[in-house]
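Student: Note that the protein sequences, when read in sequence, are chains A and B. Taken in order, the first sequence gives residues 1 to 346; the numbers are from our numbering. Taken in order, the second sequence gives residues 1001 to 1333; the numbers are from our numbering.
Keep in mind the hints are simulated off the structure, nothing from the lab. Accuracy of the hints is not assured; some may be wrong.
[To be verified] In silico negatives: residues of chain A with every beta carbon more than 10 Å from chain B:
{"no.": "1", "residue": "A2"}
{"no.": "2", "residue": "P32"}
{"no.": "3", "residue": "I54"}
{"no.": "4", "residue": "A61"}
{"no.": "5", "residue": "V105"}
{"no.": "6", "residue": "Y148"}
{"no.": "7", "residue": "D183"}
{"no.": "8", "residue": "V324"}
[Unchecked claim] Derived CB-CB ranges, DEER-like:
{"no.": "9", "chain 1": "A", "residue 1": "D100", "chain 2": "B", "residue 2": "R1275", "range": "28 to 34 Å"}
{"no.": "10", "chain 1": "B", "residue 1": "G1328", "chain 2": "A", "residue 2": "E328", "range": "57 to 63 Å"}
{"no.": "11", "chain 1": "A", "residue 1": "A97", "chain 2": "B", "residue 2": "D1085", "range": "41 to 47 Å"}
{"no.": "12", "chain 1": "A", "residue 1": "R62", "chain 2": "B", "residue 2": "E1107", "range": "30 to 36 Å"}
{"no.": "13", "chain 1": "B", "residue 1": "D1297", "chain 2": "A", "residue 2": "P320", "range": "47 to 53 Å"}
{"no.": "14", "chain 1": "A", "residue 1": "D100", "chain 2": "B", "residue 2": "R1252", "range": "34 to 40 Å"}
{"no.": "15", "chain 1": "A", "residue 1": "P320", "chain 2": "B", "residue 2": "N1104", "range": "38 to 44 Å"}
{"no.": "16", "chain 1": "B", "residue 1": "N1041", "chain 2": "A", "residue 2": "P320", "range": "48 to 54 Å"}
Even glycine gets a Cβ: it sits at the ideal position worked out from N, Cα and C.
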Amino acid sequence: MALLDVERLSVEYQTLQGTVRAVRDVSFSLPPGRALGLVGESGCGKTTLARALIGVLPRNARITEGAVRFEGTDLLRLPADQFNDYRWRRIAMVPQAAMDSLDPVQRVGDQMVETIVLRGNLTRAAAADRARELFAMVGLQPDRLRLYPHELSGGMKQRAVIAMALALRPPLVIADEPVTALDVIVQHQVLQTLRDLREALGVSLLLITHDISVVASLCDDVAVMYAGRIVESGTVRQVFAEPRHPYTMGLRNAFPSLRAEQEHLVPIEGYPPDLAHPPQGCAFTARCPFAIPRCWEEDPVLRAEGDGQEAACHRAHEAPVLRVQAAEAFARLAGDEIRSAPREAC
Amino acid sequence: MLMPMLEVANLQKHYTLHGGMMASVFGGRRVVHALNGVSFNVEQGQSLGLAGESGCGKTTTAKLILKLLRPTSGAIRFAGRDISDLEGADLLGYRRQVQFVFQNPYEALNPRFTILRAMLEPLVIHGIGASALNRVERVADALRQVHLDPPEAFFMKYPHHLSGGQLQRVVIARALLVEPRLLVADEPVSMLDVSVRAGVLNLMRDLTRRHGLTTIYISHDLALIRYMCTTTAVMYLGTICEIGSTAEVIGRPKHPYTQALVAAVPDPDPTRAERVVKISDTVPTPLHIPVGCPFADRCPMVMDICRTVRPALRAIEGVRVACHLYEGPEEVH
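Please model the complete structure; the sequences and the hints are all you need to start from.
Tutor: Structure (structure tokens):
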């Protein structure tokens, strides 16, 4: 059985511009011990999705549909106090800008002990032992527990927050952009720590990031989000080596790489759609070089494409041919004038 | 030999931290050494990338070149002329020739100006264009060059109407309007969505080549620098530790810091093996600059000499490296 099963989840925001459909009909499952990377650009709904999973959406957001089954229990149907028992104990979150989520006027160790006592029903002495053990586990010297957050470097704060998330041995950790604000060498080492911890603890990981190279170095599976939907999913190797959705194909050519031979980057022309007014058909149509008339009218569903790989594209069955043409086709489209209307800020 | 367009010679920038109880009790002044003797030349038409982690001094270097800050010591010469004492019309002329694109396009444009007004302003300030109509035509041309087409559709828009990628295009168009000779871009795409980054990078690459512009790109992203720049300088704690052709510096890095930096970049291709980076992740502070090599504390190859003698840049196999591992004639300034 999957540890986490998300079924047809939809989340809406009420804004001055109207209803924004931030997450639309998202389904995925995460088996125990696996790491799933949720990638997409800003505004694609990945953070909203993560917050919906642990029930900490902002006030103007509402889950309109769907189920979040964790170890078989639908969290969305639980009374608030029972849901609360899952947070931190069963599902821990490393929030975005985790470095700023530490209390600046409390010693790091005191914050950890407080959390462990409050959530784990341990005595203070036992919690202090656990905090030392956790610090050692994430590669921090336990005497650093006495320091205040401003005395730690960015990488150390990030490790401290990761240690806190692991405090009660949760089977699932959700990490939202865990290495984004870090310098490259520190990033490399925090990623290494996360990899080691996964192996040592067997914890499942849901990693949310815009950076496909972070997913490539840390995850087993990947789900690519675009405009509130998952457009492609599968194992990291499958999806990056043989993408079946044109958006994934486009992303592959749009990144400067440090090592690959690359004469010219191929941009994906245009901008993501305004989710206050989502387009009728596939949300990627206006930027897709392979769009056919059907794409403008009918939103494709996520369908199995063999070997566990899924894609939401009317032409997914032609993927091997499209993949070969992708770079040239995206480039040709970019030479065109911009077709999509300027995006309204929401 | 042609005169370099920009010469930066032994540039230093120190900040004294004032106040604080400890300072007044013990009388100790704390000094932040943001830049500790940076020298490089940029030739006409060249594109130089300044790479390094946060706090290494790359943005300080840019601000000194743009004359937004005054150096503590050292000189910057533009087309042979020292810029430190420029005033009045000369300073205005310099500002026209040296334009910039900063990281955050949302902060680069006045939120209460329409795009047209924001773009007309530099033309008026520098007295470019024979008539109001001619200036509007120049703005339209510039917007078309950055693929904001038809330009009239953007004239009356305010910054909040546009996406980040469109705004950054406006900022680039505005920088190019006054026909500069040097463009300084500080993390020009790091605020933008991944799918629009490539478009902005290609645009900058094409436009600067077409106009024969000299460019300095500042980024923590080595992949971006590899794509955009012919020359790369890697900075560490306010000094340059390696500088040379991008192919050499990134393809065959010599300084142990550059080697670590290159190895630490994660790869989007999951089939490539993970590399091992053996240096510690504690970033040193510019408050305490070591006597010897600034990288000595983290260096896996550290020797005794590194702790006592600061290495100067030496020419090694076509690049210049500041490291005691290599032997060659030291450069003197």
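Student: With 10 Å as the threshold, tell me whether I54 (chain A) passes as away from chain B on beta-carbon distances.
Tutor: I54 (chain A) clear of chain B: closest Cβ-Cβ about 26 Å, beyond 10 Å.
Student: CB of R62 (chain A) to CB of E1107 (chain B), is that within 30 to 36 Å?
Tutor: holds, 33 Å
Student: Is the gap between the beta carbons of D1297 (chain B) and P320 (chain A) within 47 to 53 Å?
Tutor: Hint holds: Cβ distance 52 Å, inside 47 to 53 Å.
Student: Does the claim that A61 (chain A) lies off the interface hold, with its Cβ farther than 10 Å from every Cβ of chain B?
Tutor: holds, 22 Å
Student: Taking the minimum C-beta separation from V105 (chain A) to chain B, is that value above 10 Å?
Tutor: holds, 18 Å
Student: Was Y148 (chain A) rightly flagged as not at the interface, with every chain B Cβ beyond 10 Å?
Tutor: Nearest chain B Cβ is 16 Å from Y148 (chain A), so the label holds.
Student: Do D100 (chain A) and R1252 (chain B) keep their Cβ atoms within the hinted range of 34 to 40 Å?
Tutor: holds, 39 Å
Student: Taking 10 Å as the cut and beta carbons as the points, is V324 (chain A) off the interface with chain B?
Tutor: holds, 18 Å
Student: 48 to 54 Å was suggested as the range; check whether the CB atoms of N1041 (chain B) and P320 (chain A) agree with it.
Tutor: At roughly 50 Å between Cβ atoms, P320 (chain A) and N1041 (chain B) fall inside 48 to 54 Å, so the hint holds.
Student: Please check whether A97 (chain A) and D1085 (chain B) have a Cβ separation lying inside 41 to 47 Å.
Tutor: Given a distance of about 43 Å, which is inside 41 to 47 Å, the answer is holds.
Student: That 38 to 44 Å hint for P320 (chain A) and N1104 (chain B) (C-beta), does it hold up?
Tutor: The hint (38 to 44 Å, Cβ to Cβ) holds, given that P320 (chain A) and N1104 (chain B) are roughly 41 Å apart.
Student: With 28 to 34 Å as the target window, see if D100 (chain A) and R1275 (chain B) comply at their CB atoms.
Tutor: holds, 30 Å
The structure fails hints 7 and 10 (numbered hints given earlier, in ascending order).
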